[in-house]
Each structure stands twice: as C-alpha cells, then as structure tokens.
Amino acid sequence: MNPAALTIAQARRRIKAGELSPVQLVDALESAIEQTDPQVGGYLSRDYQRARAAAETADINLPLGGIPVAIKDVINVEGEPCTCASKILEGYVAPYDATVIRKLRNAGAIPFGRTNMDEFAMGSSTENSARQVTRNPRDPERIPGGSSGGSAAVVAAGEALAALGSDTGGSIRQPAALCGCVGLKPSYGRVSRYGLVAFASSLDQIGPFTQTVEDAALVLQAIAGHDPMDSTSLDVPVPDYSAELDAGVKGMKLGVPKEYFVDGMDPQVAARVREAIEVYRGLGAEIVEVSLPHTKYAVADYYIIATAEASANLARFDGVRYGHRAVGAQDLADHYGRTRGEGFGREVKRRIILGTYVLSSGYYDAYYLRAQKVRTLIRRDFETAFQQVDGLLSPTSPVPAFKLGERMQDPLQMYLADIFTIAANLAGICGISLPCGNAEVDGKKLPVGLQAMAPAFEEARLLRIARAYEATTAG
Amino acid sequence: MSAPHLDVRYVANLVRLRLTEEEIAEFQPQLDHVLSYIEQLNEVDVEGIEATAHASAVYNVFRADVPRDGFTREEAVANAPHSGNGLFLVPKMVEG
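Residue numbers (the working numbering), protein chains in the order written: chain A, 1 to 475; chain B, 476 to 571.
For reference, chain A alone in the conformation it holds in the complex (with noise of 0.2 Å):
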C-alpha cells in the first residue's frame, strides 16, 4: 500500500515496526503531491528537503514520531512562509513557532507545507484566496469548503496523512464535512493561539484534519494544553484522548436539535444524517429531540463578533512593520489607505467594513453589545440541551461541496453555507465532522458530513462518540 495514504496509527505501526522510515514516508509524500496536487491546488508550498532532514532525525519513539502534517497558512512554522493566502502578507518569513507546532515536534512531528485558504481564514469555499484556486478532490468543479480547504483537500486527496487548520465558524468541520474526512474543532481554550493570526479572536481555535476519528485523537492529544503565551487557553488537564474511545456509545443519550434540520437544506445531505442517527439508536444510544431556539440567530451573531474582532485584528498590516507597502505615498493617512487597499482582498475588507462600522460611536449598543447578549442566549442553549443529552447530532453544512463560483457574487448566501457550525465556536464547545455516506450530484458523489457536538472541555466524550459511528463504517 502506498505509505501517502496510511491513517497515521497504520504509519506509525509500521514505522515502529521497522516496515517503512520517516524517509520513506516523506518520498512518498512527495510522489503522491506531485502526482495529485496540479489537479487539487492544496499546498501553496513545500519543502521536501527539510522534512526529509527532520525525517532523517526523528525519534520514532514518540507518540507522532516522523509523521509529516500540513500546516495552513495562518499558523506561524520558523523559518517558513506564512502568508495567510493574502496579498497583503507576500514574501513574509515567520520569524517563530506557533505553540501546535512546538508541540507537534514535541510529539515527534514534522511540520510540513503550507495549504490554501481563504484569505486571514474569511470565506467557506477558499475561493478567497489570493493566491490559488483549491478544487474538491472529488469533482474538480466543486469547491473544497473553507477557510481550511487546502488543509482537508490535502488530507482527502492523499496529499497528507494530517492536516492542521484553524476554526472561527466552522472552517476545519466545514470543509472536512466537504472534502470527506474528519475535522476537529476543540473548545474555546483548550489548544493555545500563540502564533495563530488572529482573525476573531474570541472564536478561533486551531484543530486537524485526519481521515480517521482515531487519527484525531492523536493530533489533538499532541497539540492540547495550557500554554503561558496565550492567556485564554485554560489550564484544564489534557486526559488520554484515546484510552476510551472505543467504548461506544450504549446508554448515552445523544440529541438531534431541531432547528438543525431546515426548509432548503439538500434532501439527501438530510437523509445520511437521518441514517447515521437511526445507527446510533442501533448501537444502543438513546436518541433525543432537542431544542437549540436561538440557532436561527447564530449567522447574523458571527457576522457581527467575528467582523468587529476582525476590524480591530487586522489594523496591524499597517505597511511598517512587515507585509505589502503602497509606493509614492504622499503622507501617513495616503501610505495606509493605499498600503491596505492594496494588499487586501474584497472579502476581507467588506468584513473589516463592517466590522469596523457595528462598533462605530452610535451603533456599538444595537449591534456589537445586542450581538453579545445574544450571544450568551446562544451558550445557554447548549448548556440547557447538555442538561438532557450527553452529545448532539446534526449535519455539518446544509449542502455538499457547490460549484467553484455559484456564490461568490453573493456573500449572504456564502455566510450560510456555516449555518450548523457557528454555534459551537460562539458556544465554545467542541465539534467534530466526519463522513456518513455521499449525495449524488450530477454522476458525483459528494461526501456527506455528519456533526457531532459535545460540552466544553469534554473532546474525549466527542471522540468517543465519533469513533463509534466510524467504526460500524470502517473496513
């Protein structure tokens, strides 16, 4: 079998058995990139020369020893680029590591290349790149998902056997739900931000991209913890992700909210859903309607948080101290504006348009303050809900992956390709998508995502709970 599509529990068997080095997993790496890529456009780059040396001076004996994972483009790897697919960031070297990617060596990891996404991680199709175009590796047509579809293109396409992301509204569940593998998104607080360009910054978190829900286990476990650097990681102990993963789901009661099975939502993405729930009943979980009441508001509620965060985030590519600089600027106010109306994109600047417009003098009350409070009505739905269930069911995106353009003229419409995500990132729960089947379009077939949800802090019930549905699937 080749190497390139191992799970990396299967790698690192062999790995630990003396079947197949770290070298050899990175040469096949490479073949299997160059022979895919020009069709899928995941990496915006990679440098098979130093993962072959970090490869060459893996300690096999740690829990990720001499596994490669993609990094996307918004997490800082030293000595890399890191231009979060943005103009605005061309030709700039990250000058350190990000905390996951500490950690990932730590764990015996190798960092290694750089994915698409959609520009400073705004958009749900990484149409909004500025660098290039990502296509679905199951029709060329069709979009990966975003922010991080480079991260869950590569991973699905056999480009790599992990992949980090980075999650603000549902771009690593979004997109693996898409492409047809497995996202994770921690709780708020429970992987470090350090060295992750902040785009919303009381939303993200970074998390993998796997094919297996045990794959995700391991990630997770190697990049989890409180770290010093980033105060709003929470100093929570970090259990053993995979010593219960396998011990099912009979006797939980897992709940199906309600307002997640919507009027426009495509029948058959409806159906696997519906499927994957009656084999849930079937593995002995007690199944549970529930109600989330203020879903419908959780759209309008990001568009609001996550653009204000933004407007102030993004005020530091100022043109100074690194990235793009406008030339011939007749003063200070002339170098900014051209300097920024340059170097970013359309969907970034109509979201720090916005953002920056719902927290100006006057409408700070009726828009950012109402957006928080309805925020906390938002949390409280979950931990109502959490009351009754042990974990929540739904599906990750109304639809499978659309075509390359369909939306892109129409943002409102592109912002509801996240209806089913956002409210766990406002909530700062954890979520995971993983796959449960495929809806046919046009002679294709797309992966259908199936969403998962648990309390904060509780990946290790969530895990458990996506592993037992995988494992009825697997071969």
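Hints listed in this document are in silico derivations from the structure and should not be mistaken for laboratory results.
If you're wondering where the values come from, they're calculated on a predicted model, not measured in any experiment.
Ideal Cβ placement from N, Cα and C applies to all residues, glycine included.
Heads up, a few of these hints could be off.
[Said to hold, decoys possible] Some, not all, of what chain A presents toward chain B, calculated at C-beta under 8 Å:
hint: 1; residue: Ser-231
hint: 2; residue: Ile-352
hint: 3; residue: Thr-356
hint: 4; residue: Tyr-364
hint: 5; residue: Arg-375
hint: 6; residue: Arg-407
hint: 7; residue: Gly-428
Following the hints, put chain B in place on chain A, whose structure we already have.
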C-alpha cells in the same frame, strides 16, 4: 423603520482602507444586504441578559515576571518592507 444603510465610502476612510470606485459600487449593496439580514437580531428580547465577550472568560491572567530573550533587532525588522540601521523606516509624519 427605514432599511439599514452603511456608508461604505465613509467607513472605509475611518479604517484607512482606500477603495476603488468599482469596489464601492460593488460593496454598497452587498453590505446593505448583509446589514438587513443582521437586523433580525432586533427580534430577540435581550432585556437583562449579560453580554458574552468570550466563550470561557478568564480574568487577570499573570505570568511570572522574569526576563527572557526576545527577537534581536535584526530579527524584529527582518520582515519590514523598509528598514535601515535596525529601524523601521516610515513616511514623514510630522510637518515642519
């Protein structure tokens, strides 16, 4: 109540973002459309509800006050579009 309206040209200037006329013409209806959608939050009764700024709020986080190495001057300016003598070079910003 009239439809919500955001003056793109005015706000873009507040946030130091130079837009082309074409961008202004494109963004104006798009952002008014998004703003109309956002208006639905006005239906929600938020009387007496506290605001959530962070999903899991923590306050007064301190770390040990001990010196540690940071970037050297060369490292700090390595990514600057214009630098000289280990300094960031910027356009003249004081008249006179």
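Verification of the supplied hints:
1. Ser-231: holds (4 Å)
2. Ile-352: Result: holds, 6 Å to nearest chain B Cβ.
3. Thr-356: holds (4 Å)
4. Tyr-364: violated (11 Å)
5. Arg-375: Result: holds, 4 Å to nearest chain B Cβ.
6. Arg-407: violated (12 Å)
7. Gly-428: holds (2 Å)
Hints 4 and 6, counting from the list given before, are not met by this structure.
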